[in-house]
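K.L.:
Protein chains in written order, with this note's numbering: chain A, 45 to 251; chain B, -18 to 179; chain C, 2 to 462.
Don't read these hints as lab results, they were simulated from the structure.
Computed list of lysine to aspartate or glutamate pairs in EDC-like fashion (alpha-carbon distance at most 16 Å, straight line):
(1) Lys92(A) - Glu140(A)
(2) Lys265(C) - Asp255(C)
(3) Lys164(B) - Asp308(C)
(4) Lys66(A) - Glu48(B)
(5) Lys164(B) - Asp310(C)
(6) Lys174(A) - Asp135(A)
(7) Lys55(B) - Glu116(A)
Below are the chains, spelled out letter by letter.
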Amino acid sequence: MANQNGNMYGLTILSPIIDDPKSKVSHDSALRLYLQNMPRHAYSPFTKVSGTHFCRLVVMDDVVFVGSPAAEEHLKSKYLVFNSNLYGGLDAYLAEMARKIPDVVDDIWSHCVGYPGVADPSAFAAYMKKCQIETTFFFADVNDKTVEQTLRALQMKVEFTAFIERNQGASPAGLLREFAAFWERVRELPLPPAGVKDLAKSHAAIA
Amino acid sequence: MTNINGKAYAMNAVTPMKTWKTPILLAVFFLIGVFKSAQKGLVDLSFIHFARWVVVQNNQFPRLAPEQPEEQLKYDYLLFFSNFNGTWNEYIDAFSAVLSSGLNLIWRWSEKFPGSVPVTAFKRYISLVQFDTDYYYTAYPYATTSDVKAAIRVDDALQEFANRAAGLTPEEFQQSYLQLLVKVQADIGALGPAPMGT
Amino acid sequence: MVKLNFHDIQGFVARGYNFPHASFLLAEILDRQAGREFVRHTAGRVTSAERWQQGKPPSTLNIGFTWHGLRKLGLPDATLLSFPDEFYQGMRARSRILGDIGRNDPANWEPVWKENVHVWLAVYAQTPDELATRCGETIGLMRETAGARLLYTQPAAAIKIGGQPTSKEHFGYTDGFGNPDYEGVERDTIPGQGKLTADGKWAPLATGEFILGYPDEARELPACPVPYLLGINGTYMAYRKLHQNVARFRVYLDEKGKQYAGGKEKLAAKFVGRWQDGTPLELSPDRADPALVRNQSRNTNFTYGQDQDGARCPLGSHIRRANPRDAFGFNGDLVNRRRIMRRGMPYGDYTPEDQLASDQDEHGIVFMALGASLFRQFEFVQQQWISYGNDARLGSDKDLLVGCHSGGGDKFVVQGAADAGNAPFICGGLPDFVEMRGGDYFFLPSLTALRLIADGAVDPR
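Using the sequences and the hints, build the whole thing.
P.N.:
Take a look at the structure:
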């Protein structure tokens, strides 16, 4: 299954964008503007779709003319590319999109041809699958960690690095005691939020 | 710059292929998938979180309604999407320097591909076929793929250590801790900001 | 075999002169016509890369220009626009790219860098008298032609210990190893200075990595300004005056050296990747080895492939960062296009080890790096490998010696082994040991190009 690599799924969606000569602002322009203003980082709607490691939205205007002797040709529609590197299965992911960020999904895909809305999750899933293109080859450097596991591991790395530095040269008894306290504390730490741009600003201060 | 989010860069590229060449490319990808060693270069370079190639044949562009005109295309299209670390120049320089035969194997079927060596013409071609991202999300913008792999190693080692630690005397604990340090000593770089793109 | 035009290439570009005294003059071009006169007279006296048949001359002279200098000399717009971005912008404008922030921010640079630095002149000499004579002549030329005005004189000299010039720098390390070997240079290849071949031997790098007009490692001719004749046999230089906080360094080394199980000397070696006498850690991890240092075929002949965990030479040590060799795998192919040719020279009085140093003293290194592409070589190493560490799997840790640490949280990790005598050790709270006092990018034209500039005969296509 070329969309799958370990536990990671490479979702590639190409949704034709409505071409309405009568609209005041073209759908692709409106969509571009919307995407430009969509909240980013920790405020991104995709923080709520828990399987999302990396995703992107791209308005693809046309194919490219690479120059003679290649022929010039053009797409008759513009396409919205939605490309997500997600942990887990497709059905659960689409259902989560519909459930957790219905307004954003509506705002985006209402510009696309044949979009049925998100109120009926199975109609939405069917629509997305109609727009889906099979990923031919999917490379994943890490293919077996959820977003949570990844965030937790990164947090551990930061915490433990600080611990090592702080306790360099400690006596055996001191080290044992300090580590016990450390282990106690880090396991209670809240998970760092997804999408945060600058870890230092969001993370609890390290001694 | 919407292609960039923290330490990650979202590259998108589209190249045309004569339809008779598409099956050859599909066979290439099949073989790369089967022979995992062919992917070793990508893993060793440790530049890319996730990347994908998507072949869209000329009759495969989704058509959702009769009023949407049917595409009439001569070429098939190879789409490429990458999430990589480092600057655009560093990324392409590295690939051109050490993975040029792999790159050529994938892109030689695309029209007017100049080859991945020398690098100047290659960069010019990429600039021509690259299109910009409108919205880019990553759950961990502050981490490169090397950071993520290091974090997983540290996390695993720490967990294993903590499990073993119960019931050790202070001296035994210290010795075990020393072994833990040696295990993670190459994985404890800071998670700070990346240099600005050039 | 590449044949270099030694008559045309400036001597400073093709070789390190190895003279004990130098002065670097920074000047402003006052007027286009008179400036060209100055260049014409200087071109007649510039030292080329020709072999010295009668032994070393008493002094040498070389010249370079900033983009603004070339503009003042009246090069056509199309030519000026064909130079690379970074050269046009200049080092000051690239400060954030280079990590020149905090104390190193251009706002804190020496005043001369706010003036119109157009010309760089390098005078090397065997004795202080000869240095004064040659500098005097050059400055005299500026006055006679009324073409240029001296803005600043930067003296430099090899550090003398026991009355003898050495290749030490102010922190006490023996410097000058590992300059890249490239094709066409008339000297023996020193193993370790070139690139690795498939069978583990060393070969010279392509000339075009260091001199314009010759094929480079990407198997093409490097980007060159237009017209071609202006660019070939020339190269670019990054010039940086780096103040060294010797007192701060010694205090830090003392303090951490007491905590480090291997001791102070070994820790000093770990910072850099060489013992202070120059012995590479990779070949001799436990002690300095003077015989090894003296042996040209060994003193830089090593790779990191057998030391992936950094137990011999730390992953973040200065020389491993600046030239990773095969540390990133792929037989070193990722590094071949990131080499820099160094021509640095210390400035200021040396404070012997047993005397108290002061960070207020004027001492440091005049750092000069040459290469065919500032962006791809010097800037890249400075930005990605010195001021950052991801390629070396060090996250955002910076180089201990040269990195800008103004923040306070930076650290250096000495990787080790599972025995108490060689345990992993973290040097935290890194202060700034080196401060950037100012610099810029210069183009060092060939002798032919100098005459073209002097004649106002630069003709873009």
